[in-house]
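Quick note: to get this note's numbering, add 639 to the position in the sequence shown (first position is 1).
By construction, these hints were calculated from the structure, which means they are not laboratory data. Yeah, the Cβ is synthetic: ideal placement off N, Cα and C, and Gly gets one too. Don't take every hint at face value.
[Said to hold, decoys possible] Calculated pairs, DSBU-like style, for lysine-lysine (alpha carbon to alpha carbon, straight line, at most 35 Å):
no., residue 1, residue 2
1, Lys766, Lys745
2, Lys664, Lys766
3, Lys712, Lys652
4, Lys712, Lys758
5, Lys758, Lys770
6, Lys652, Lys758
7, Lys719, Lys685
8, Lys712, Lys766
9, Lys685, Lys770
10, Lys664, Lys652
11, Lys745, Lys664
12, Lys652, Lys770
13, Lys758, Lys719
14, Lys685, Lys712
15, Lys664, Lys770
16, Lys712, Lys745
17, Lys719, Lys766
18, Lys758, Lys745
19, Lys719, Lys652
20, Lys745, Lys652
[To be verified] Estimated spans, in silico, between C-beta atoms of each pair:
no., residue 1, residue 2, range
21, His763, Thr669, 14 to 24 Å
22, Val678, Val729, 14 to 24 Å
23, Gln734, Gln666, 29 to 39 Å
24, Asp689, Ser716, 29 to 39 Å
25, Thr669, His759, 30 to 40 Å
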Amino acid sequence: MALILGIDPGSLKTGFGIINSVGSKTQYITSGVIRIPNVSLPERLKIIFDSVTEIIEEYCPQEMAIENVFMAKSAGSALKLGQARGAAIVAGVNQELPVSEYEARKVKQSVVGNGAADKHQMQHMVKTLLKLPSTPQEDAADALGVALCHANTQQHLIKVASARTFRRGRMV
């Protein structure tokens with residue numbers, strides 16, 4: 640059993656989602672969006688850090704997965720996104736969580752089957768895979784997608800590690 644906290648960082652909205660992963664089965668625990676008021680960047684980073692710390696203390700996940708920075712529209716946006724990621728990562732590391740990072744394309748490929756999937760496709764697949772009664776908000780769905788990607792990756796690594804041999808590129 641592993642509770643996985645997924646984070647979709649942002650300087651104005653940071654999505655979070657927690658799933659329970661047992662073998663190949665996943666179960667939804669909670670998700671939401673940390674909405675950051677229009678205050679100075681240092682204050683925003685503190686809000687992200689404090690909020691992620693509070694989520695970790697409340698739900699006690701064993702692992703954390705976060706989306707990597709992608710090339711934003713401007714260098715300034717990319718820097719702010721990187722700083723928001725940093726605040727969330729430090730919150731996880733402060734709580735002694737192992738932190739894994741995933742590219743957005745890998746998350747989409749893992750959850751939707753298409754690395755170029757749009758937000759609506761991601762929301763739909765997260766809702767379907769986790770058997771949710773309603774569609775999660777975009778940022779929460781992305782965070783749940785990061786957690787699902789991490790669970791899938793961990794499951795694949797276990798499968799590869801337990802394979803005895805490889806024959807013609809296939810595990811036996």
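Right, here's what the structure says about each hint:
For the suggested pair Lys766 and Lys745, the alpha carbons sit about 19 Å apart, so the restraint of at most 35 Å is met. With a CA separation close to 15 Å, the supplied pair Lys664 and Lys766 stays within the 35 Å bound. Between the alpha carbons of Lys712 and Lys652 the distance comes to roughly 17 Å, so the proposed pair stays at or under 35 Å and holds. Straight-line distance between C-alpha atoms of Lys712 and Lys758 comes to about 17 Å, which keeps the hinted pair within the 35 Å bound.
A threshold of 35 Å between alpha carbons decides the hint, and for Lys758 with Lys770 the separation of about 18 Å falls inside it, so the pair holds. With a CA separation close to 15 Å, the supplied pair Lys652 and Lys758 stays within the 35 Å bound. Between Lys719 and Lys685 the alpha-carbon distance is near 13 Å, which keeps this suggested pair within the 35 Å criterion. Between Lys712 and Lys766 the alpha-carbon distance is near 29 Å, which keeps this suggested pair within the 35 Å criterion.
Under the criterion of a C-alpha separation no larger than 35 Å, the hint pairing Lys685 with Lys770 is consistent with the structure, at around 34 Å. About 29 Å separates the Cα atoms of Lys664 and Lys652, which keeps this hinted pair within 35 Å; it holds. With a CA separation close to 20 Å, the supplied pair Lys745 and Lys664 stays within the 35 Å bound. Taken as a hint, the Lys652 and Lys770 pair is honoured in the structure, with Cα atoms around 24 Å apart against an allowance of 35 Å.
Using a Cα cut-off of 35 Å, the hinted pair Lys758 and Lys719 holds, with the two alpha carbons roughly 21 Å apart. With a CA separation close to 24 Å, the supplied pair Lys685 and Lys712 stays within the 35 Å bound. A hinted pair counts as satisfied when its Cα atoms are at most 35 Å apart, and Lys664 with Lys770 qualifies at roughly 12 Å. Proximity of Lys712 to Lys745 is assessed by CA-CA distance (about 20 Å); at most 35 Å being required, the pair is judged to hold.
At most 35 Å may separate the alpha-carbon atoms for a hinted pair to count; Lys719 and Lys766 meet this at roughly 29 Å. Distance hint between Lys758 and Lys745 is fulfilled; the C-alpha atoms sit about 14 Å from each other, no more than 35 Å. With a CA separation close to 12 Å, the supplied pair Lys719 and Lys652 stays within the 35 Å bound. For the hint linking Lys745 to Lys652, the alpha-carbon distance of about 21 Å falls within 35 Å, and the restraint holds.
For His763 and Thr669, the Cβ-Cβ distance of about 20 Å falls inside the hinted range of 14 to 24 Å, so the restraint holds. Between Val678 and Val729 the beta carbon distance is about 19 Å. The supplied range of 14 to 24 Å therefore holds. Remark: the range hint 29 to 39 Å for Gln734 to Gln666 is contradicted by a beta-carbon distance near 22 Å. Asp689 and Ser716 have their C-beta atoms about 23 Å apart, which leaves the hinted 29 to 39 Å range violated.
The given range of 30 to 40 Å is broken by Thr669 and His759, whose C-beta atoms sit roughly 22 Å from each other.
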